[in-house]
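**Q** Here is what each chain is made of, one letter per residue.
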Amino acid sequence: GESVGLHLPTLSVQEGDNSIINCAYSNSASDYFIWYKQESGKGPQFIIDIRSNMDKRQGQRVTVLLNKTVKHLSLQIAATQPGDSAVYFCAETPYNFNKFYFGSGTKLNVKP
Amino acid sequence: KAGVTQTPRYLIKTRGQQVTLSCSPISGHRSVSWYQQTPGQGLQFLFEYFSETQRNKGNFPGRFSGRQFSNSRSEMNVSTLELGDSALYLCASSPGDVLTETQYFGPGTRLLVL
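Respectively, the protein sequence lines represent chains V and H.
Under this note's numbering, the letters of the first sequence match residues 593 to 704, in that order.
Under this note's numbering, the letters of the second sequence match residues 46 to 159, in that order.
In isolation and in its complexed conformation, chain V is listed as follows:
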């Protein structure tokens, strides 16, 4: 589970600031979306999910926003901490399929 991609977009934020990570998807039939966090040496870890009948869902320090009109998904992390440094992936699957398509990932770098 090491950081993937030599050319991953990188978002650098200061500790304590809010982070916003974006993801665009292309399949209008996508019904279910998940955000994953992948730290070096580990597999992707579930953060939060959202179904297409919702446009916002909140978890602990995280919020996912879904805009189906423009096929856009975002992950907001409040009060970003050094432990949030990782690569973040969005994943989507069409209705009634357990077959996820992953975005290329964004590397979040939190500066202390």
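Computed footprint of chain H on chain V, listed as stretches where at least three residues anywhere in the stretch have a Cβ under 8 Å from a Cβ of chain H:
#1 631-638
#2 692-704
Far from chain H by the CB rule (all over 10 Å, computed), these chain V residues:
#3 Glu-607
#4 Gly-651
#5 Val-654
Simulated restraints, written as ranges between beta carbons of each label pair:
#6 V/Gly-633 - H/Gln-62: 19 to 27 Å
#7 V/Lys-703 - H/Ser-96: 43 to 51 Å
#8 H/Ser-96 - V/Arg-649: 28 to 36 Å
#9 V/Gln-650 - H/Gly-48: 23 to 31 Å
#10 H/Ser-124 - V/Gln-668: 41 to 49 Å
Since the hints were derived computationally from the structure, they do not count as laboratory data.
From the three backbone atoms N, C-alpha and C, an ideal C-beta is built for every residue, glycine too.
Here the structure of chain V is known, so what remains is to put chain H in place on it, guided by the hints.
**A** Okay, now just chain H, sitting in the frame of chain V:
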């Protein structure tokens, strides 16, 4: 509850050989999915097994195959290895009773083909 486990964690093979990777899902989970992760292509879906049957399949050649046992443990096999098969192979499990549900990943098997 123990998480998804994968064995081995690291593997080195040469071109032309074949390899078998193993995945034990979370207890009670009946769906197991396999993914290939490379720097160039990112995370790509290989296939999903549920109740010993392949339920979904990605766009990989026939050299990539898998199976699932009655205890939900799964194996994937890659025959006639190519250099481009070097990757991190990830297994994910989910309960499987409802389609489109959260998948939980294992740590992966790092395969290097020389």
